[in-house]
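Undergrad: Using the sequences provided together with the hints, build the complete structure.
From first to last, the protein sequence lines stand for chains D and X.
Counting in the numbering used here, the first sequence runs from 1 upward without gaps.
Counting in the numbering used here, the second sequence runs from 1 upward without gaps.
No lab work stands behind these hints, which were simulated from the structure alone.
Quick caveat: nothing in here was measured; it's all calculated off a predicted structure.
Any given hint could turn out to be false.
As the list claims (entries may be wrong) - Computed list of lysine to aspartate or glutamate pairs in EDC-like fashion (alpha-carbon distance at most 16 Å, straight line):
#1 X:K9 - D:D19
#2 D:K143 - D:D126
#3 D:K143 - D:E156
#4 X:K9 - D:D59
#5 X:K9 - D:E96
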Amino acid sequence: MTQAPSAPRLPVERTDPFDPPKRIGELRETEPLSRLSFPDGHLGWLVTSYALTRQILADPRFSSRQELRHFPLDHPLAREPQPPARPGMFIRMDGEDHGHYRRLLTGQFTVRRMRALEPLVQEIIDSALDDLEAAGPGADLVKHFALPVPSLVICELLGVPAADRSKFQRDSATIMRLDSGGEEVWAALGSLTAFLGELVAAKRAEPTDDILGGLCATGELDDEELVNMALLLLVAGHETTANMLGLGTFALLTHPEEREKFTAGPGVVNGVVEELLRWLSIIQYGATRTALEDVELDGVQVSAGECLILSVQGANRDPERFTDPDVLDVTRSAQGHLSFGHGIHQCLGQQLARVEMRLAYASLFRRFPTLRLAVEPEQVPTRTNMLIYGVHELPVAW
Amino acid sequence: MEVEVDARKCCAAGMCALTAPEVFDQDEAAGTVVLLAARPPQAAWESVWEAADSCPAGAITVRD
Chain D
1 MTQAPSAPRL PVERTDPFDP PKRIGELRET EPLSRLSFPD GHLGWLVTSY
51 ALTRQILADP RFSSRQELRH FPLDHPLARE PQPPARPGMF IRMDGEDHGH
101 YRRLLTGQFT VRRMRALEPL VQEIIDSALD DLEAAGPGAD LVKHFALPVP
151 SLVICELLGV PAADRSKFQR DSATIMRLDS GGEEVWAALG SLTAFLGELV
201 AAKRAEPTDD ILGGLCATGE LDDEELVNMA LLLLVAGHET TANMLGLGTF
251 ALLTHPEERE KFTAGPGVVN GVVEELLRWL SIIQYGATRT ALEDVELDGV
301 QVSAGECLIL SVQGANRDPE RFTDPDVLDV TRSAQGHLSF GHGIHQCLGQ
351 QLARVEMRLA YASLFRRFPT LRLAVEPEQV PTRTNMLIYG VHELPVAW
Chain X
1 MEVEVDARKC CAAGMCALTA PEVFDQDEAA GTVVLLAARP PQAAWESVWE
51 AADSCPAGAI TVRD
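TA: This is how it looks when you write it as structure tokens:
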């Protein structure tokens, strides 16, 4: 394997469950655009400041195309050249290819539409809280609350019939679990893809009033595109929010003063959600972009074809943008955080995520005012080697 | 204060409608920005600046 001798790999070692690796902060101070070596031998860049991260995300000269990406982490798949994005997987496309697919969905995720879903989301949350209560003190909050809530919400949105939901949830959980074996993952992915294929066929035959039904009705997408878009929405809408719910609850339970501010008065919950998004920055290995042409950034030449890892953690903890960035302060304005990205790829489902988090955190602490960890904080298993950070389990009592 | 929006640039993330709902809305079908008040009242100025800063696509222009 070739590797540039002078360039380090992506820093991943955490010393605290909530803080980014220390090296990220050091680099931001000294060299916010620094050389980075990739496991496949590529020599690229690591970006750790807010200003540069935001600038690059908004600049179309930096591409999202899958075939131009390199993976920063050592993983068997990281050494293979990446194929172009499959039809419908628009988050790994640029320009009009991306715009065409995204536009078919944007009307479905407006602030108003997401607010209209609140009663439905609340119902799902209340039912998950019933399950948690029935499981009794010592129950795992991830299993009974953080995972099922976003999963059932996305099932409702996609229009997955109630009878198919347990299979749907089981397959998606297998794909996203760290300890699933490779074969198990491929089998679950195959089963999920087949299931979504059948669902698409059913919705073509009999149109329904949900996102997938709406996409079918546009008449602009073939079956492969529809299945891939459904898969994308499922993955994007599920694991991210689930980890924010689990890790966010862990953060509030270990920061009693912040929890107190949150539970003391109404009107704080929006700020709590934004601050947790900023402080936790669960997209722990950042966003990836590739320079399409030579670009000068802060006096440094980035060459065409070079891949940049944009540290969302670094950006969201940048003291140039946020005062005392390492402090969790639910009453601050975290406006401008980059946890949903920036630029034209910014998270399409962010308003749904906000509705889910707002209702979920508020309902959880209202229902269980004495909620506490059932284990020591050090015993909570964290998702250090997963693309999306969080906790695997969160045993709680009340 | 004068506000302009460019719906062609808009990527329908909804940040403006979330941040300053009295000034910005989203098109029901496309999700793209709809300007409700090109000269918003002073009480809304702070949230309008915030909305313009938050816009991921740079589709909002504000003039003092």
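Undergrad: Determine for every hint whether it applies to the structure shown.
TA: Hint check results:
1. X:K9 - D:D19: 35 Å, violated
2. D:K143 - D:D126: Within the cut-off at roughly 15 Å; holds.
3. D:K143 - D:E156: The hint is violated at about 19 Å.
4. X:K9 - D:D59: 13 Å, holds
5. X:K9 - D:E96: 12 Å, holds
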